[in-house]
Amino acid sequence: MADLKIEGLNKRYGSVSVLRDIDLTIEHGEFVVFVGPSGCGKSTLLRMICGLDDVTSGQLMLANEVINDVPSSKRGIAMVFQSYALYPHMSVADNMGYALKLAKTPKDEIESRVRNAAEILQIVPLLERKPRQLSGGQRQRVAIGRAIVREPDVFLFDEPLSNLDAALRVDMRMEFARLKDRLGTTMIYVTHDQVEAMTLADKIVVMHDGRIEQVGSPISLYNNPVNRFVAGFIGSPKMNFLAARFTDGAVAFQSGHLHMPHASARLTEIGIRPEHLRVGDDGEGVVQGRLVATEHLGSDTFAMVEVADSERPVMVRIPGERRIPHGSSLSLTFDAANVHMFDAEGTALPNETRRADAA
Amino acid sequence: MSDLSASPTAAPRRISPHAKRGGVKAGENRFGILLLIPALTAFGLVVLFPFLEALRLSFYEFTIQMMSPEFVGLDNFRRILTDPTIIGSFVTTLIFVSLTTFFSITIGLGWALILNHPFRGQAMLRGLSLLPWVMPAVVAAFLWGWIFNSRYGLLNSLALDFGLIEYPVAYLSTNAGAMAAVVITKTWLSVPLFMAFFIAGLQNLDREQIEAARVDGAGNFHVLKDHVLPHLRPVMMVTVVLGIVGNLQHFDTIWALTGGGPVRATTVLSIEVYRRAFEQWDIGMAATVGVVWVATILPPAYFYLRQLMMRAE
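For the protein sequence lines, the chains are A and B, in the order given. Letter by letter, the first sequence follows residues -8 to 350 of this note's numbering. Letter by letter, the second sequence follows residues 122 to 434 of this note's numbering.
In case anyone wonders, no lab produced these hints; they're calculated from the structure. Heads up, a few of these hints could be off.
[To be verified] Some but not every residue of chain B turned toward chain A, in silico, with C-beta under 10 Å:
{"#": "1", "residue": "Gly143"}
{"#": "2", "residue": "Val145"}
{"#": "3", "residue": "Glu149"}
{"#": "4", "residue": "Glu191"}
{"#": "5", "residue": "Asn296"}
{"#": "6", "residue": "Arg328"}
{"#": "7", "residue": "Glu329"}
{"#": "8", "residue": "Asp337"}
{"#": "9", "residue": "Ala339"}
{"#": "10", "residue": "Gly340"}
{"#": "11", "residue": "Pro351"}
[Unchecked claim] Computed list of lysine to any residue pairs in SDA-like fashion (alpha-carbon distance at most 25 Å, straight line):
{"#": "12", "chain 1": "A", "residue 1": "Lys171", "chain 2": "A", "residue 2": "Leu37"}
{"#": "13", "chain 1": "B", "residue 1": "Lys346", "chain 2": "A", "residue 2": "Gln124"}
{"#": "14", "chain 1": "A", "residue 1": "Lys65", "chain 2": "A", "residue 2": "Gly(-1)"}
{"#": "15", "chain 1": "A", "residue 1": "Lys229", "chain 2": "A", "residue 2": "Gly49"}
{"#": "16", "chain 1": "A", "residue 1": "Lys194", "chain 2": "A", "residue 2": "Lys92"}
{"#": "17", "chain 1": "A", "residue 1": "Lys229", "chain 2": "A", "residue 2": "Pro28"}
{"#": "18", "chain 1": "A", "residue 1": "Lys98", "chain 2": "A", "residue 2": "Gln73"}
{"#": "19", "chain 1": "A", "residue 1": "Lys95", "chain 2": "B", "residue 2": "Leu345"}
{"#": "20", "chain 1": "A", "residue 1": "Lys(-4)", "chain 2": "A", "residue 2": "Pro62"}
{"#": "21", "chain 1": "A", "residue 1": "Lys121", "chain 2": "B", "residue 2": "Leu323"}
{"#": "22", "chain 1": "A", "residue 1": "Lys121", "chain 2": "B", "residue 2": "Phe172"}
{"#": "23", "chain 1": "A", "residue 1": "Lys92", "chain 2": "B", "residue 2": "Arg354"}
{"#": "24", "chain 1": "A", "residue 1": "Lys92", "chain 2": "B", "residue 2": "Ala377"}
{"#": "25", "chain 1": "B", "residue 1": "Lys346", "chain 2": "A", "residue 2": "Ala94"}
[Said to hold, decoys possible] Taking beta-carbon pairs under 7 Å as the criterion, some of the chain B residues facing chain A (in silico):
{"#": "26", "residue": "Ala244"}
{"#": "27", "residue": "Arg247"}
{"#": "28", "residue": "Asp282"}
{"#": "29", "residue": "Ala333"}
{"#": "30", "residue": "Val336"}
{"#": "31", "residue": "Asn341"}
C-beta: ideal position from N, C-alpha, C; glycine also.
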């Protein structure tokens, strides 16, 4: 129905290029998350979809209509801003009904739609309050309510949870998931928090330096990142990277080795996630290191191990509670199937072991 | 259990030698009053004492023919209420204050809205806009006097060139023309200040709020009416009061431009007091008009100060 198509989109401010050759298709009803470090252009892309920033070149299409020069209010979209941007001098009900009032919707219809949205978000008792009398979480709901009332084709969310405390953020994340099921509308969500991206998205768009690095489902990005950037960005704690060389049918490290006969000669680095490392030497890959610190979360113990092949200490996730004396030497091991391989440009190289597993 | 002092190994408690008697805040109030003394002294000498003296004189008759003031009670106040010329001054003041305040604020706001949008030369125009503010009022009055001059004035010259008039007009010799001239001059002087107030107000307007309104479908008119003006309401209150107080006190440009004339057409209260005191030497009456005048300024000044105090809290 209302597919959003972006073709060859560019954004420049003077001589500064903010977005380069963005191509992206978003299908109706999809929950898409733009994720990337700050300054990667994800918010600019969202603002262009919203119509708050001009398109320098390329095309924005909604339901097969070019909307490059259509004003925001006529695009059939609603946006929830990072600061919520509630109208401070209007009551919650007036905030939510403002767009309808401007569209000259009859009063009783405004009232019923506002009430309906308020019920979905459980903010009916707040309708007569002013924004300043609300808590952060309540303001967030009102901002979402203001978007819902308009019954848009596409919802845009610009880092909507970044102003909330950690506990509330988890709650609201759940609400977004519920809202997605309940409304079934296309939603585009911008965040720099990859956990939000992983938990909410049908499709994640990883952005870096004004370009799209990879598009895919959360699990496909986790399992098959196309390059070092995506590999390092998706997953928490971050993937560990070890400098490596492929010689004589094996991958060699300064501090260990990996048995992998099919690796490419272009290999310069391998990546291995903290959850795929364990203490021991029974796996196909083994490296030696020295424990520098541990973090005890109760459910897991994270060990930071200094290894000669990595600038940063290698992070290892050990399930449960383990006490290991700091400074002790450790042997870490991992399976070839879990290894990600990269060449000097950071492009991912195929892992034959993994393919064999999948087949 | 967690009471450390109860544990047998704890050292005996003592008070730190750095402790201040009477708590950490002791002496702060005394020091504050000390800091206020110079300002209070100056205020007493140049504001409070003359005002009390004027208040005293308002109960006396004291003219140039008299050797010493003579107590007349509320007689001066009674005369004000029945003297049509003084009542006329109040009406003139009302007209002058409402017109100048209205125009200074609307033009100041409009100018601020224009200058708040980025465009080439914005900074320069903003700087130039402040020029009337730094210009001495008397210089401004002569400048405008020259513009309105009946023989070689700029306004006459332009109007003649465009064929709007056939003969030069003596604007300042008609009642309406003189009032218009003093209102325009004072407005011109006040606009920069109000513009600065409004620009300051506009700059802390949340940009995302306006964007949200745009997405909601608000055009320029609704953005102004529903978002910008409500946001500027507190600034508006302050500028209205400040404008009223300032215009009620205004003297210099009117005196330089029209001297209160023609006849009494632009004789506002400040001019009235000046004439009574230093032309007719009717000191008692001048003091009485002054007291009534202060009484009209006090309510708006009170609201202004209250507004400031409330925001400071």
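These are the hints, each one checked on the structure:
{"no.": "1", "hint": "Gly143", "in the structure": "violated, 39 Å"}
{"no.": "2", "hint": "Val145", "in the structure": "violated, 32 Å"}
{"no.": "3", "hint": "Glu149", "in the structure": "violated, 32 Å"}
{"no.": "4", "hint": "Glu191", "in the structure": "violated, 58 Å"}
{"no.": "5", "hint": "Asn296", "in the structure": "violated, 43 Å"}
{"no.": "6", "hint": "Arg328", "in the structure": "holds, 9 Å"}
{"no.": "7", "hint": "Glu329", "in the structure": "holds, 4 Å"}
{"no.": "8", "hint": "Asp337", "in the structure": "holds, 4 Å"}
{"no.": "9", "hint": "Ala339", "in the structure": "holds, 6 Å"}
{"no.": "10", "hint": "Gly340", "in the structure": "holds, 8 Å"}
{"no.": "11", "hint": "Pro351", "in the structure": "holds, 4 Å"}
{"no.": "12", "hint": "A:Lys171 to A:Leu37", "in the structure": "holds, 18 Å"}
{"no.": "13", "hint": "B:Lys346 to A:Gln124", "in the structure": "holds, 23 Å"}
{"no.": "14", "hint": "A:Lys65 to A:Gly(-1)", "in the structure": "holds, 23 Å"}
{"no.": "15", "hint": "A:Lys229 to A:Gly49", "in the structure": "violated, 35 Å"}
{"no.": "16", "hint": "A:Lys194 to A:Lys92", "in the structure": "violated, 35 Å"}
{"no.": "17", "hint": "A:Lys229 to A:Pro28", "in the structure": "holds, 14 Å"}
{"no.": "18", "hint": "A:Lys98 to A:Gln73", "in the structure": "violated, 29 Å"}
{"no.": "19", "hint": "A:Lys95 to B:Leu345", "in the structure": "holds, 18 Å"}
{"no.": "20", "hint": "A:Lys(-4) to A:Pro62", "in the structure": "holds, 17 Å"}
{"no.": "21", "hint": "A:Lys121 to B:Leu323", "in the structure": "holds, 21 Å"}
{"no.": "22", "hint": "A:Lys121 to B:Phe172", "in the structure": "violated, 46 Å"}
{"no.": "23", "hint": "A:Lys92 to B:Arg354", "in the structure": "holds, 22 Å"}
{"no.": "24", "hint": "A:Lys92 to B:Ala377", "in the structure": "violated, 53 Å"}
{"no.": "25", "hint": "B:Lys346 to A:Ala94", "in the structure": "holds, 16 Å"}
{"no.": "26", "hint": "Ala244", "in the structure": "violated, 18 Å"}
{"no.": "27", "hint": "Arg247", "in the structure": "violated, 23 Å"}
{"no.": "28", "hint": "Asp282", "in the structure": "violated, 45 Å"}
{"no.": "29", "hint": "Ala333", "in the structure": "holds, 4 Å"}
{"no.": "30", "hint": "Val336", "in the structure": "holds, 4 Å"}
{"no.": "31", "hint": "Asn341", "in the structure": "violated, 12 Å"}
Checked against the numbered hints given earlier, this structure breaks hints 1, 2, 3, 4, 5, 15, 16, 18, 22, 24, 26, 27, 28 and 31; the rest are met.
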